[in-house]
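Asks: Residue numbers 1 to 209, in the working numbering, belong to the letters of the sequence shown in order.
Please note: incorrect hints may appear among the correct ones.
Below, in silico cross-link-like pairs of lysine to aspartate or glutamate (EDC-like), each with a Cα-Cα straight-line distance of 16 Å or less [stated by the list, open to error]:
(1) Lys180 to Glu207
(2) Lys159 to Asp175
(3) Lys159 to Glu139
Between beta-carbon pairs, the in silico distance windows are [what the hints assert, rightly or not]:
(4) Arg154 to Leu5: 25 to 31 Å
(5) Ser143 to Gly18: 26 to 32 Å
(6) Asn94 to Tyr22: 22 to 28 Å
Because the hints were derived from the structure by calculation, they are not lab data.
Nothing here was measured: the structure is a model prediction, and the numbers come from that model.
Ideal Cβ placement from N, Cα and C applies to all residues, glycine included.
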Amino acid sequence: GRVSLANNGQYLVIVIPGVSAYVFDNVASTITQITDVDFRLSDTVVFSDGYFSFSSSDGAVFFVSNLNDPFTYDALDFGTAEINPDGIVALHLNHNEMFVAGSATIEVFQNVGGVGFPFQRIPGANIQKGVHAKFSLVEFDNSFVFVGGGLNERSAVWKVLGSASAGKISTDAIDNEIQKFTQEEIQASFALTYAEQGQFFAAFTFEST
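Required output: the full structure, derived from the provided sequences and hints.
Replies: Written out as structure tokens, the structure is:
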């Protein structure tokens, strides 16, 4: 199955969505399961400012490890989507800002430091489009793209244009092809980016089950 990865140079965290998470230590060449009682089952992980941040599999919260320690967690170190109650689908880091992606909206958080949970929502920084496939989030052209849509909208491909907007980059023909798949198949889609002869490309894969 697909996994989510994040590393800080020494530790590579590997999240198996809804199942378990592991840490590969690049210095000791060991791999260890995260077993802290305060660790929640998660779907995605990113690394920023010394913290590994995770989206919980139930979509309720995102939470962080202790500073530079992916093995240790505090039950109180978590945040929630504050503008819209849509469940959290995935986390994505871009320009050192934390994009907390729900199914209908995306909220943007930043590290404000201090004691306790370090991330705080940036006022006014929210996008009225959500993510429909957690593995479709991928860096592209100094921003990132994803499969998603707004409230009661069908799935399309979007590019984030800033901390408060996203623009649709898929054509009507592509949208029609995407919408031939079931909701479950769209949720399982994934993306990658590559460059060739000075041009940048984003590729999205959808599979019928």
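Asks: Going back to the hint list, which numbers does this structure go against?
Replies: Every hint satisfied by this model.
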